[in-house]
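*Asks:* With chain B held as given, fit chain C onto it using these hints.
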Amino acid sequence: MLLKLKFNQQRRVRLAQGLWLLSWTAVMCGAFVFCLGVYLKMELFRRAEVMDDSDIHAVPNILMMVGLASIGTNWIASRICQDSLDESRFPRWRVFMLAWFAVATLLCVLLVAVVMLSYALQGRLEESLKVGLRNGIRFYKDTDVPGRCFQKETIDRLQMEFRCCGNNNFKDWFEVQWVSNRYLDFTSKDVKDRVRSNVDGRYLLDGVPFSCCNPASPRPCLQNQLTDNSAHFNYDYQTEELNLYSRGCREALINYYMELMNSTGPGVLSVILIQMSVIMSLRFLQTSVEGAMALEDPEAESEGFLLEKGVKETFEDVKVKVLTMLKAAQINPEAAAAAEESCGGADAENGGEKTPVKTSTPAS
Amino acid sequence: MAVLKVKFTKTRRDKLAQVLWILNWISVVTGVLLFCLGLFLKVEINKREELMAGRDVQYVPNMLIAVGLLACAINFLGGKICYDCVDTNKFLRWKLIILPYIICTFFFTFCVLVGAVMCYSMHGELEEALNVGLSDALKFYKDTDTPGRCFLKRTVDMLQIHFQCCGNSGYKDWFQIQWISNRYLDMSQKEVVDRLRSNVEGKYLMDGVPFSCCNVNSPRPCIQQQINNNSAHFNYEHQTEELNLWMRGCRQALLEYYTHIMQSIGLTVLILSVLTGVRYLQTALENVLRQGDPDSESDGWLLENSLMETARTNLNIIKSLVGRTTPVNHKAPPTPSSEER
Numbered sequence: 001m002l003l004k005l006k007f008n009q010q011r012r013v014r015l016a017q018g019l020w021l022l023s024w025t026a027v028m029c030g031a032f033v034f035c036l037g038v039y040l041k042m043e044l045f046r047r048a049e050v051m052d053d054s055d056i057h058a059v060p061n062i063l064m065m066v067g068l069a070s071i072g073t074n075w076i077a078s079r080i081c082q083d084s085l086d087e088s089r090f091p092r093w094r095v096f097m098l099a100w101f102a103v104a105t106l107l108c109v110l111l112v113a114v115v116m117l118s119y120a121l122q123g124r125l126e127e128s129l130k131v132g133l134r135n136g137i138r139f140y141k142d143t144d145v146p147g148r149c150f151q152k153e154t155i156d157r158l159q160m161e162f163r164c165c166g167n168n169n170f171k172d173w174f175e176v177q178w179v180s181n182r183y184l185d186f187t188s189k190d191v192k193d194r195v196r197s198n199v200d201g202r203y204l205l206d207g208v209p210f211s212c213c214n215p216a217s218p219r220p221c222l223q224n225q226l227t228d229n230s231a232h233f234n235y236d237y238q239t240e241e242l243n244l245y246s247r248g249c250r251e252a253l254i255n256y257y258m259e260l261m262n263s264t265g266p267g268v269l270s271v272i273l274i275q276m277s278v279i280m281s282l283r284f285l286q287t288s289v290e291g292a293m294a295l296e297d298p299e300a301e302s303e304g305f306l307l308e309k310g311v312k313e314t315f316e317d318v319k320v321k322v323l324t325m326l327k328a329a330q331i332n333p334e335a336a337a338a339a340e341e342s343c344g345g346a347d348a349e350n351g352g353e354k355t356p357v358k359t360s361t362p363a364s
Numbered sequence: 001m002a003v004l005k006v007k008f009t010k011t012r013r014d015k016l017a018q019v020l021w022i023l024n025w026i027s028v029v030t031g032v033l034l035f036c037l038g039l040f041l042k043v044e045i046n047k048r049e050e051l052m053a054g055r056d057v058q059y060v061p062n063m064l065i066a067v068g069l070l071a072c073a074i075n076f077l078g079g080k081i082c083y084d085c086v087d088t089n090k091f092l093r094w095k096l097i098i099l100p101y102i103i104c105t106f107f108f109t110f111c112v113l114v115g116a117v118m119c120y121s122m123h124g125e126l127e128e129a130l131n132v133g134l135s136d137a138l139k140f141y142k143d144t145d146t147p148g149r150c151f152l153k154r155t156v157d158m159l160q161i162h163f164q165c166c167g168n169s170g171y172k173d174w175f176q177i178q179w180i181s182n183r184y185l186d187m188s189q190k191e192v193v194d195r196l197r198s199n200v201e202g203k204y205l206m207d208g209v210p211f212s213c214c215n216v217n218s219p220r221p222c223i224q225q226q227i228n229n230n231s232a233h234f235n236y237e238h239q240t241e242e243l244n245l246w247m248r249g250c251r252q253a254l255l256e257y258y259t260h261i262m263q264s265i266g267l268t269v270l271i272l273s274v275l276t277g278v279r280y281l282q283t284a285l286e287n288v289l290r291q292g293d294p295d296s297e298s299d300g301w302l303l304e305n306s307l308m309e310t311a312r313t314n315l316n317i318i319k320s321l322v323g324r325t326t327p328v329n330h331k332a333p334p335t336p337s338s339e340e341r
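If you're matching them up, the sequences are chains B and C in order.
Counting in this note's numbering, the first sequence runs from 1 upward without gaps.
Counting in this note's numbering, the second sequence runs from 1 upward without gaps.
Just so you know, the hints here were simulated from the structure itself, not pulled from any lab data.
It should be emphasised that the depicted structure is a prediction, and the values quoted were computed from it without experimental measurement.
Just so you know, nobody snuck in bad clues.
Ranges between beta-carbon positions, derived for each pair:
| # | chain 1 | residue 1 | chain 2 | residue 2 | range |
| --- | --- | --- | --- | --- | --- |
| 1 | C | 47 | B | 258 | 27 to 35 Å |
| 2 | B | 236 | C | 189 | 14 to 22 Å |
| 3 | B | 258 | C | 243 | 32 to 40 Å |
Pairs of lysine to aspartate or glutamate residues, derived as DMTMM-like cross-links and limited to a Cα-Cα distance of at most 25 Å, are as follows:
| # | chain 1 | residue 1 | chain 2 | residue 2 |
| --- | --- | --- | --- | --- |
| 4 | C | 190 | B | 228 |
| 5 | C | 190 | B | 236 |
| 6 | C | 47 | B | 161 |
| 7 | C | 190 | B | 190 |
| 8 | C | 47 | C | 145 |
| 9 | B | 189 | C | 191 |
| 10 | B | 189 | C | 237 |
| 11 | C | 47 | C | 256 |
| 12 | C | 47 | C | 173 |
| 13 | C | 139 | C | 201 |
| 14 | B | 130 | B | 153 |
| 15 | C | 7 | C | 309 |
| 16 | C | 172 | C | 242 |
| 17 | B | 189 | B | 228 |
| 18 | B | 192 | B | 206 |
| 19 | B | 192 | C | 237 |
All C-beta atoms, glycine included, are put in the ideal place defined by N, C-alpha and C.
Bound conformation, chain B alone (with noise of 0.2 Å):
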């Protein structure tokens, strides 16, 4: 046996009592993890437009719905509660403790899982951000594009609320052409000098938008010609570091998800402990119920264990009653072949037997 406690009436009561407060609070924690599910949804849903993919929904997603899940196990745990230490209603919940034990396991197993893919996906997520800043930046003049019209004021509001500029930073804006054709004067010849400069014929310019301005700047703020020092009085692009955020885009939005997830780590952690001290105490209240209903004495005192055998055993039980179960299965068509084949046969023999004893009934 393993973990084998002894348990008297009195123990059995406080136990019961505690459990059920300690399910009421598991039901609570489930409730804070499907609404930390659903926040965390919400804030990758409000910058999904940045976002390439959507492999990291997966984490919102799990927590969503195993805090569903845990809020059900563990009410179910509390009403088990309720009925132990009654003898009549507690045997109809014997059928079900299996599939409990095994749904609250499961539970168990995805939250640890949960934690492994927050920081797993962390590359996804980058990936995912690179492409879709990249994507932002290069439709940032296209607000007459249906479909992309919104990207200027996205990116506009996420380099002023999250303080950064670009992608990596700002010198990405120097590679796209963020002014669109329709404000640009063809006639000049400054226009079309830029125009020639390049291959693919865009008009690039050493400027970045208003949004990259930091507001702790003691200057006002520099926005054109940031690469020609001669241009502005008393200015060294070099050296100047609060003209513009110095942070790239997909830094400062990585570091928040991230934070995010982290900070809620230490939570999910305490409700996984919950959840295993809420498994492991019924299955203690279950046996040593259980041992008491067997001695047919409810005051009686029993003993409480985790396994009947030790964990080898139970191991190699379980695998053999999965085993025969399979094996069940598949020999079951032919048992009942021959089972039918017998039976008949049997009723023949049963048949013969009987006619001389009703033949012979009448006459006396």
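*Replies:* Relative to chain B, chain C alone:
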């Protein structure tokens, strides 16, 4: 002749007590709400105190906080009284306190109404404070090297971005002040010298605005410099261009924001006047006790006699109280002749 007399049976009295108990608890909740709103207003005003000059607008949130706390206490007591009113034994305990309690609550309701009126009257003072504060802030925008004013640039920029506004009344306010510091101006250039000479005070004025005035919803990259010059930008006309910069002035934006808070507070306060019914309950029960049968019908009224008579009786009571406290001793009134009889 009583004022507004209504007949009350026992069930009606009980129902009235229950309804009043619920209303009193709702009033406790609104008292808490009022306290929270007053606190919120205080925090919000403190956040922007750099932009409000001189005028003392703190008296409104302070009054609201005090009124909120008092409302909680008074309505909690009222709830307790209503709860006990149904049981005549417990009612006797409260009988002596009810009349002073009702007088207190009438005064308190008056104070609460004054508080609500103050919320609306603050509007004018707030506008003045914001006007002066914002024009000062715009003037000192460039002084990021002067201690005591170095944060104003950041404050004004964040304000314009957050409240989606530009300047005091509009974006043209920026044309009238020098918002670029002299240490970033190249005095050797002809253009700079011309601009400095073009006005009496030697300020570098330009038709440009800071980046925080830029409208995020504009389809076009933001035009901040040479705003009034149509030929400086392609396909641009400054008279019809509306989406380029924020059109609203920051004074109006902040005023709307604070007025919105005030109006919610004012509305909450006006819901607090729930106490008229307690008077009915008290008079009905007093009448019952005089008749001696707790289950019978009784009358409830606002005032026992008409207004004039009540005023006269109260005046007499006050006169007699004042008479008793003066040091001159009046002769004791003659003993009633009924004893002799």
